[in-house]
Each structure stands twice: as C-alpha cells, then as structure tokens.
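K.L.:
Take the sequences, apply the hints, and build the full model.
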Amino acid sequence: MYPELGQLALIIALLLGALLAVVPLVGSVTGRENLQAFARPLASGMFVFVGLSFAVLAHAFMTDDFSVAYVANNSNSLLPWYYKFSAVWGGHEGSLLLWILLLAGWTLAVAIFSRRLPAVMVSQVLSVMGMVTFCFLLFIIMTSNPFDRLLPNVPADGADLNPLLQDIGLIMHPPMLYMGYVGFSVAFAFAIAALINGRLDAAWARWSRPWTTIAWAFLSVGIALGSWWAYYELGWGGWWFWDPVENASLLPWLSGTALMHSLAVTEKRGVFKSWTVLLAIVTFSLSLMGTFLVRSGVLTSVHAFASDPERGIFLLGLLAFTILASLTLYAFRAPVVHARAHYGSLSREIFLLLNNVLLVSATLLVSIGTLYPLILDYLDMGKLSIGEPFFNMTFSPLVVAAALLLGVGIFSRWKKTDAGWLGRKLLWPLAVSVLVSTAVILGYGDFKPWAFAGIFSAVWIAVATGWDLWDKSSSRKGRIHGLRRQSRSYYGMVLGHLGLAMTIAGATVVSNYGIERDVRMEPGDVAMVGDYQFVFGGIGERQGKNFTAQYGSFDVLLDGKRVARLHPEKRQYAVGMSVMTEADIDGGLFRDIFIAIGERLSDNAWAIRLQYKPLVRWLWLGALLMAAGGGLAVSDRRYRLKVRVKNSEAAPVPPAKEPGTPAGVVS
Amino acid sequence: MFRLFSLLVFFAIAGFVSADVANVYDFDTVQQEQRFQKLAEELRCPKCQNQNISDSDAPIAKDMRDEVYRMMLDGASNEDIVNALVARFGEFVRYKPELEKRTLLLWATPIIAVFGGLLIVAGVVIRSRRSDGRAPTLTADQKARAEKLLAESE
Amino acid sequence: MRRILLFLPLLAALVLGIILFAGIGKDTQTLESALVGKPVPAFVLTDLHNPDIKLNQELFQGKVRLLNVWATWCPSCRDEHADLMWLAHEKGVTIIGLDYKDDRTDALTWLDRLGNPYHTVIHDPKGTLGFDLGVYGAPETFVIDAKGIVRYRHVGVVNERVWENDLLPVINSAREDS
Chain A
1017 MYPELGQLAL IIALLLGALL AVVPLVGSVT GRENLQAFAR PLASGMFVFV GLSFAVLAHA
1077 FMTDDFSVAY VANNSNSLLP WYYKFSAVWG GHEGSLLLWI LLLAGWTLAV AIFSRRLPAV
1137 MVSQVLSVMG MVTFCFLLFI IMTSNPFDRL LPNVPADGAD LNPLLQDIGL IMHPPMLYMG
1197 YVGFSVAFAF AIAALINGRL DAAWARWSRP WTTIAWAFLS VGIALGSWWA YYELGWGGWW
1257 FWDPVENASL LPWLSGTALM HSLAVTEKRG VFKSWTVLLA IVTFSLSLMG TFLVRSGVLT
1317 SVHAFASDPE RGIFLLGLLA FTILASLTLY AFRAPVVHAR AHYGSLSREI FLLLNNVLLV
1377 SATLLVSIGT LYPLILDYLD MGKLSIGEPF FNMTFSPLVV AAALLLGVGI FSRWKKTDAG
1437 WLGRKLLWPL AVSVLVSTAV ILGYGDFKPW AFAGIFSAVW IAVATGWDLW DKSSSRKGRI
1497 HGLRRQSRSY YGMVLGHLGL AMTIAGATVV SNYGIERDVR MEPGDVAMVG DYQFVFGGIG
1557 ERQGKNFTAQ YGSFDVLLDG KRVARLHPEK RQYAVGMSVM TEADIDGGLF RDIFIAIGER
1617 LSDNAWAIRL QYKPLVRWLW LGALLMAAGG GLAVSDRRYR LKVRVKNSEA APVPPAKEPG
1677 TPAGVVS
Chain B
7 MFRLFSLLVF FAIAGFVSAD VANVYDFDTV QQEQRFQKLA EELRCPKCQN QNISDSDAPI
67 AKDMRDEVYR MMLDGASNED IVNALVARFG EFVRYKPELE KRTLLLWATP IIAVFGGLLI
127 VAGVVIRSRR SDGRAPTLTA DQKARAEKLL AESE
Chain C
314 MRRILLFLPL LAALVLGIIL FAGIGKDTQT LESALVGKPV PAFVLTDLHN PDIKLNQELF
374 QGKVRLLNVW ATWCPSCRDE HADLMWLAHE KGVTIIGLDY KDDRTDALTW LDRLGNPYHT
434 VIHDPKGTLG FDLGVYGAPE TFVIDAKGIV RYRHVGVVNE RVWENDLLPV INSAREDS
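Taken in order, these protein sequences are the chains called A, B and C. In terms of my numbering, the first sequence is residues 1017 to 1683. In terms of my numbering, the second sequence is residues 7 to 160. In terms of my numbering, the third sequence is residues 314 to 491.
Hints were generated in silico from the structure; no laboratory data involved. Just to be clear, a hint being listed does not mean it is correct.
[To be verified] Facing chain C, from chain B, some residues (calculated, C-beta under 10 Å):
{"no.": "1", "residue": "Pro65"}
{"no.": "2", "residue": "Ile66"}
{"no.": "3", "residue": "Val92"}
{"no.": "4", "residue": "Val130"}
Positions of the beta carbon are idealized from the N, C-alpha and C atoms, including for glycine.
P.N.:
Right, here's the structure in full:
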C-alpha cells in the first residue's frame, strides 16, 4: 500500500511544481501581487510532497519490501541497516529522487531566506526553480519510477547493493555532490529572473553570490569525497582517473569557481554582467549535462548507472529544453551596452577576468577531452581514447598559470594598481616562495621541473595570501585589532585560497614522489618501498556480515620500528558472488601507507601492491578547507543585516551604503 | 653457548631474509620499473570500462602487461611497444591520442581558449582606456531627479 | 554586431545536443578490429585433434573462410555453437576454429559431445595467436579472404541475424575479389 502513496506524492508534487512554474511568474509579469504571493506556499508544498515520497521509499528499504522492484534490485535482507538507508540512492531511480528532494529543498530555502528581496524577483526565481523541478519530476514519473512493483511474484530476497557501494563514502558522496549540482540551479534561477525582468545589476549579483558560494562549497566536498572514496575503496590507490563521470562533476566546479569570482566583480563594480549571467546559465547546464552523461550510456565509465536509451532521450530532451530556452533568452535579453567603468590593466577586475579566462579554458579543455571520442564516433572517424596522459599534460599548465596569477592578483587593487608598486610588493614574497619551494622539493627527493612548478604554485599562493593578510591587519591599535577588523568574507577568501594551495601541494607531491611497487611475496618475505619495510605475515580467513574474506597480515617498519599493522583483504560477497579487493591504509597527515592484495601467483605466493603516498591527504583536506572558506564567506555580516531601504519597485539603484561593510574590503 | 649460536644463526638468516623481494614484473633498475609503470598507465584495457592495464584485473590486461614486459626486456622503445599493441587492438588502447588530423582540434583547444581569452582581456583593457575619465554627464532634469531620490533614501 | 555574438553559446549548445543525441543507444564497447586489411599474423601452433601436425598462417590461403575464436570456459561460445553447426553443415561455410587459452582434453571432449563445426581447429593454449589477432574476449569471429587477409571481425555470438547482416555481405564481397 505504501509504495503507491509514494508515487501519488510525486504526482502531487508535479502538479504543485507546475503551478509554481506558472502562477508566480505570471503574477510578476502582470504586477499582480496576489499571484506572486503563491510562490512561497507552493514551494513549501512541493518540498513536503517530495519529502513524503522519499520517506516512503526509505521506509520500503528499511522494511525489506522486495515487492518494490527498485528495492529488490538494490538491497538485501542481510544488509546492515545503514546501508539499507543509503541504498535508497544506490541506483538510478532512487538517486534521481534524491536529486529532486534536494532541488525542492533548495527551492524552499530560497523561499525562506529571501525576505529582503523584492517580491517580483522572488516570484520569478521560485518560478524558474519550480520549472526545473517540474521537468525532473516529469522525468522520474514517466521513465524512472522508483515505486514500480514486482507483484505478484515478490522475490524472497533482494539482489544486494553493489559491494563497492557498501561504504561510508557512498553514504555521503552523492548527497554532497547533488547539493552542489542542484545548488547551482539557484544561481541559474537568479540569472533567468534577471533576464526576464531586466534588472541585471550589482544588487542581483549580491543576492546570487551566497547561494552560488554554498553550492560551490558542497560540490567541492562532494568531489573530494568521491576522490577519497575511489582511493581507498577501488583498491588501486588512484585518486583521480579523468573518467568521464568524474569530469562531469569537475566541469560545473570549474565553471562555478569562475562564476563565483565573476559575481564578485559584478557586485563590486557593476561590470561583466552579461558574462556573469552566461556563466550562471552554463554552470547549471554543465550540472545537467553531467546528469545526462552518467545515466544515458553515451560514455563508458565504471561509475555510470545502467543505461537505457529511452531514458537517455527523455533526459536529453529535458536538457535541451532548459539549456536552449535559457540561452535563447540570454541571446535576446542580455545587455549589450557596456557599463561605463574604467579599470586599469593591472586592476583587480582584470586579474579576476584573467582568472575567468583560465578557468573557462580549463572547462573547455575537460569538456572537449571528455566528449571528443563521442564526436569522432558520430563523424564515423573511429574510436579514440582520451585519458590521464592527455589531461595531465594540458590541465597542469593551466593550474600553474592560475596559481601564479592568484598570488599576484591578491595584491591588486580595484580600478587601478600601479605597476611599479605591484612589482616592488611581489619581490619579497617571490624570494621566500622560491626558497621554500626548493627546500620542499629537495626534501622529498630529486629535482623534477614539473614537481617544482606545482610546489612553487602552492607555496606562492600561501605566501602571497599570508603576506596580504599581514598587510591588511596592520593597525595603529595593534595586530589583533587589525585581524578582527577583517570581514568573514575576507577570511573566507583566505581559507579558500589556502585550501587550493593545499590541494595543489598534495597532488604535486603524491604524483611525483609517491612510490608504487607490485611485488611477489610469500609469508615471511620483506619488501622495501622507499624507507619503509613491509613484512608479510601470512594469509588468514575471516567471516564478515555478508561476506567471507581472505586477509593478509603485514607489519610496516620504518628504521626498524613498527609504524603500522595492516590487513588488506579479498572479499567474496554472499549474494552475487563478486570478489572485492579491500585495501588497508595507514593514514597520516603527511603520508599514507597503502597495501592491496593482487592475484594468487602460486600456492604460497601472492602479488601484493605496496604504495607510499606522501601528502595524499592534503588533496582532500585542501578541498575541505576550500569549502570551509565558502561557508565562512557566506556567514558574513552583510548578508545578515537588515537593510533600511524601501522595498519598492522604484529603486533601480542599489542601496547607497550598507552599514557594517568595513571600508577597504576588497573581497 | 648454544643460545648465542642460535641467535647468531638467526641474525645471519634474518640478514638474508631482509633482502628485497622481486617485483611481479622484475627489472634491474628503478628507472625501468618506473618506465614500465608509466607505460602500463598509458595503455587502456580494451575490455574494461575505462581502466588502464595497470589497474585492471581482466585477463586481457594481464596479457598486455606481459607483452609490455617482454618487449621492454627485449629492449624495445616506448613507441615500439605502444605501436605493437595498437597494431593489434587499435587506437582505442592508446590513452594519449596521437597528434593527427582528426585530433588537431583536441590538442589545439587549450591553446586557442587561452590565447582567445587573452585577446579578449586585452580588448577589454584597451576599450576601458578609451572611455577614460569621461564620467557620464547628466541633464538638468536628470540631476534634479537624482537629488530628489538621494534625499528620499536618507 | 555584438548581439550576434550572444547567439554563439546557443549555437554551440545546439551542435552539442545533436552529437549527444546521436550517441544515445550506440554501443560504446565494441571495437573495430585493427587488423582489417592486414594478413593473419604469422604463427606456429598445433592442430587440436593431432598434436603432431603443425599449422601456420598458410592455412588461410586459397578460399574465403571464417575464423571462430572459442573456448570451453566461455558460456557464450556454448550459445553460439548450434548456429555454427548450422553455418558449417547447412550453409557450407568453412570455419576454422581457434581454441583460445584452453585445455586440449577439455576442448576435444566438448567437441565430441556437442559436435564439430570446424574444418580444422588450431590449439592456442597460451593465447598467443589470439593476442596477435587483437582478441579481447571470446567469442569472436573473423572473415578471412582467399589471400589470408582479415576482412572483418565480429565480437560476440554469431546467430542468423549476424550472419545475414554482417558476415554474409563481407564474405560475398571477398569472394568477388578473388
């Protein structure tokens, strides 16, 4: 009985979504406030019913209701309860429902946190979000119903959740990722609303910014979790494979970062408006395209959901409608008249524009690298593979260039920066960075040019950021007062940039100075990897909740002292008979020791993969730091103070000066 | 006395035991080991869902690794090895696309994007210089309206 | 003029949409053979039924034949076996078998039990010829012309539809050439 309720809830949500898409929008265009007032209640209602639907599906999983096809395909009675819950989003239909839940959630959040915005704007933004939600609800109801039943032949037990997904990483990775993807729909909605009502100004940018930043922060965490999960779960010690699905998540992140920075310029100086709007549309379009790529079977990937051409076509249609409609609106309504602003060639505006150029180039690069095989196949020009070697060669220089610009740009001023002043300012940080980078490189091993470039980039960002903080916090009333005077927005930026430096450092060191060996070992053997000794104790057997495993015992020694005892396993799952390699890792802030068991080479000998991975954790810690920076920036006072401006339509000029904005804040 | 002797024997043998184990694919120098690893990472398993032959467990991936190993021991260059495998399995197994007519656009994209962007930025800077300093002038009417608005919002 | 520029993103999206649409439903996994147009690689292997007889690539000279790669451990090969029997006996197609990474006794027992559609079976215990042919998963079937040149490769089971649509046209065109 319950599953049908879930389906009904979805249909009701669909109807509410349709109303939300139309009524407030009509009200905003015709000036009828009573219609506009429907926006908030409709958003709440839509969320309630999607939430209800999700709860019904979760209930079906928790109670082992195998009459529901989706539950039977993704769960099993032996599954621990927390995996039964996370199995809700383990397959296509359920993860789509999660997506829609989060979309409805963001819509509600916008409805709640937009008291200060003009009613016209709010109704339009919510209408656009309602439209997007409506499209996805249509998709799920018509092609991917999670509540389809297997009556009357209810299977005795389920097919089990893919063992790869039975993991804490799975519990967190999709929700975080989707929060990011879906969060960019808010910036998108603001952009569309601005194009509709023509009110594209600095105020619009200020309203869009916090929503964009939070979405970006969530996406950063989501991507980092995915990378971390692949690292310890997939048994090979890799953390990024330039797989099409991974690229699909990176694209909106790159574009979203450009958007975040472009919004800063538009808010501060009222320029680059058309460009920022385009970025907002593109970023969300990339999120949608990512969804399409993963579920349509168009590209080969270990991550892809089971593909179905019918779904692929529907989804593409959805995508086409959203993207083509918004780009058409953009082409007709975006302002062509340039704002009369003046900025020098070394101004902050220009540095941020350059930042955008590099980020957009990176986005283009990753897109074309991912889609090129598809394009060639379409043109019947054969099958091609584009993988790590290509991306590493082309992406790394862009990262280094962006990092170098970042360091210089931090010191730049709005409107105009004197070249001589800037040059003098950079001398000391440059010298310090070169020294520190050289020390780090030589500390890790021999000098490699690309390793130096990467380390220098990271150190340069950190030194420049620290230097700027030092400069800004100098005050007659003492250093502490100077530090306190900086806004949360500024500290958010500091954390964000330091996080980036950390990630770059981690990626550079682990790629250049990590050591990997595939060795043949018998019990009693000792292998050397770098300065570490690995002693193979032997193979044992153990029984897990829903699997049996053969595990190896290893002692890891450094300078004769034992630093870790590791037990990598090969697991055979009871249901489905799949064999999984579970690596064991001794994690540390500055290095990881990684062991995985390969194939059995003879009665007594096994192939063992041993790895020393310096600074690998910095990859993900850096991403967390970036997200923390985003969160901090969003909690800045200026987003929380009530502004004493009449909330009327006759105010095209943004409020003159907001209380609480410290003079000279440049972020 | 016997204990001392057995202790000595133990250490003698332990000395032997702590000699290093062989790689599954064994080479004389570390450089060759790294070269093998890098090659394996650049070749794609034809059967798997987007994995290189180093990470894949598929039998064909193992066969390919064996072939790479054999050819390296024979003294073949990286190019020879990759070409030999491409001759059998097609361009598909090459993760780094060759620079040929059909991949020109692929390799050119980053360069075009960056330089195109730089040109645009240069254009923006030049255009901004041209509109130098000329603040928009208001008519008397507009001025009066502006002053009225400012007075209202105080 | 500027307004025109704003239409560029729309245009790009349209082009991309068309390409993505064309990609739906396409098989991303099957690879075309790299050996099409090239001769069967040189090899020296034994006949499955008689270990004393050595076979080499000359085996493929003289007429158009199919080369079927199979093994006893491959379930799909079991599926296509009946179709191969039909091809060999009803349609008179000469099929050379390549017993890929298989045990000789197992293979002989298998053929005894199920029937032998092959004119000759090459025993490839280590899979060396298979590797040289670019075989990445059994079953695979090649069309070889009278000069020993590979014309076509089909990955997966052979059935009547595959025969009609894919293999027969290639065989006919190969026969015309010789």
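K.L.:
None of the hints should be skipped; say for each whether it holds.
P.N.:
Status of each hint after checking the structure:
Hint on B:Pro65 holds. Least Cβ distance to chain C is approximately 8 Å, under the 10 Å limit. Look at B:Ile66: its Cβ gets to within about 5 Å of chain C, closer than 10 Å, so that hint holds up. Annotation: interface hint on B:Val92 holds; nearest CB of chain C at approximately 7 Å, less than 10 Å. Proximity of B:Val130 to chain C is violated relative to the hint, the smallest CB-CB distance being about 13 Å (cut-off 10 Å).
The structure does not agree with numbered hint 4 stated previously, though it agrees with all others.
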